[in-house]
Amino acid sequence: MPWFKGWNVERKEGKAEGKCLIEALDAILPPARPTDKALRLPLQDVYKIGGIGTVPVGRVETGILKPGTIVVFAPANITTEVKSVEMHHEALQEAVPGDNVGFNVKNVSVKELRRGYVAGDSKNNPPKGAADFTAQVIVLNHPGQISNGYTPVLDCHTAHIACKFAEIKEKVDRRTGKSTEDNPKSIKS
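Counting along the sequence shown from 1, when you hit position 169 you're at 1471 in this note's numbering, and nothing is skipped either side.
Among the hints, a few may not be true.
[Claimed, not checked] Each computed DMTMM-like pair below joins lysine to aspartate or glutamate, with the alpha-carbon atoms no more than 20 Å apart:
1. 1385 to 1414
2. 1408 to 1388
3. 1490 to 1472
4. 1471 to 1484
5. 1385 to 1401
6. 1339 to 1363
7. 1368 to 1383
8. 1430 to 1383
[Claimed, not checked] Simulated restraints on C-beta separations:
9. 1485 to 1413: 40 to 46 Å
10. 1402 to 1447: 38 to 44 Å
11. 1381 to 1326: 43 to 49 Å
12. 1311 to 1385: 55 to 61 Å
13. 1453 to 1416: 17 to 23 Å
No wet-lab data here; the hints were simulated from the structure. All C-beta atoms in this analysis are idealised placements derived from N, C-alpha and C, irrespective of residue type, glycine included.
Take these sequences, add in the hints, and give me the full structure.
Shown next, in the form of structure tokens:
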């Protein structure tokens, strides 16, 4: 049996067998693409290309992006039409989750868009900016204590923004998942 058809070995402890790396990699099923969800495309960058115009670039996380789609960019609430979609200098009829694409938009300046904005379909659950949100946070290896007013920088997809802890609602035991204290003054790792 050639080495690339798996392997087996006999030892004192008994027999052992397995797959080769390439066999194991080939056996992995590709992840399901969430094309049924609303379009979400976080912008990685925005370019101005002579003769073409404004070209936002990013990776489709969910949904499908097609030429002709009316998109809205959150949190700026800028609405425009997608003229064309390209991946690796080739025009696409549609971009699906996992595709890194550039898309040409009408009547939007490069200065109006920036990294971290999220594009979505204006007619199907459009993305919106949020003034506040509730989050479950795990504190790992943090020097000192964290209390209300603490302002760390949050990285979410391509956004990089300072967020203030307005209110710490509860402290939860990591092992049991049970609440140990409501409205604590501070938390520590």
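Worksheet item: Has the given pair, residue 1385 with residue 1401, been kept, meaning a C-alpha gap of at most 20 Å?
Response: holds, 17 Å
Discussion item. Need the status of pair residue 1368, residue 1383: alpha-carbon distance at most 20 Å?
Written reply: This hinted pair holds, its Cα atoms lying about 10 Å apart.
Worksheet entry | Range agreement (Cβ of residue 1447 with Cβ of residue 1402, hint 38 to 44 Å) | Cβ of residue 1402 to Cβ of residue 1447: about 41 Å, so the range 38 to 44 Å holds.
Worksheet entry | Hint consistency between residue 1408 and residue 1388 [alpha-carbon to alpha-carbon, up to 20 Å] | holds, 15 Å
Worksheet entry | Hinted pair residue 1430 and residue 1383, Cα distance within 20 Å | Within the cut-off at roughly 18 Å; holds.
Worksheet entry | C-beta pair residue 1311, residue 1385: status relative to the range 55 to 61 Å that was hinted | At 59 Å between Cβs, range holds.
Worksheet entry | Beta-carbon spacing of residue 1453 to residue 1416 - inside the hinted bounds 17 to 23 Å or not | Once the Cβ atoms are compared, 21 Å apart, the range 17 to 23 Å for residue 1416 and residue 1453 holds.
Discussion item. Hint check: residue 1490 vs residue 1472, CA-CA at most 20 Å. Holds or violated?
Written reply: holds, 13 Å
Worksheet item: Between residue 1471 and residue 1484, does the CA-CA distance stay at or below 20 Å?
Response: At roughly 6 Å apart (the allowed maximum being 20 Å), residue 1484 and residue 1471 satisfy the hint.
Discussion item. Need the status of pair residue 1385, residue 1414: alpha-carbon distance at most 20 Å?
Written reply: Measuring from Cα to Cα gives roughly 17 Å; hence the hint holds.
Discussion item. Within 40 to 46 Å: is that where the Cβ-Cβ distance between residue 1485 and residue 1413 falls?
Written reply: Given range 40 to 46 Å: holds, Cβ gap about 43 Å.
Item to complete: Using the Cβ atoms, figure out if residue 1381 sits within 43 to 49 Å of residue 1326.
Response: holds, 47 Å
The structure fails none of the hints (numbered hints given earlier).
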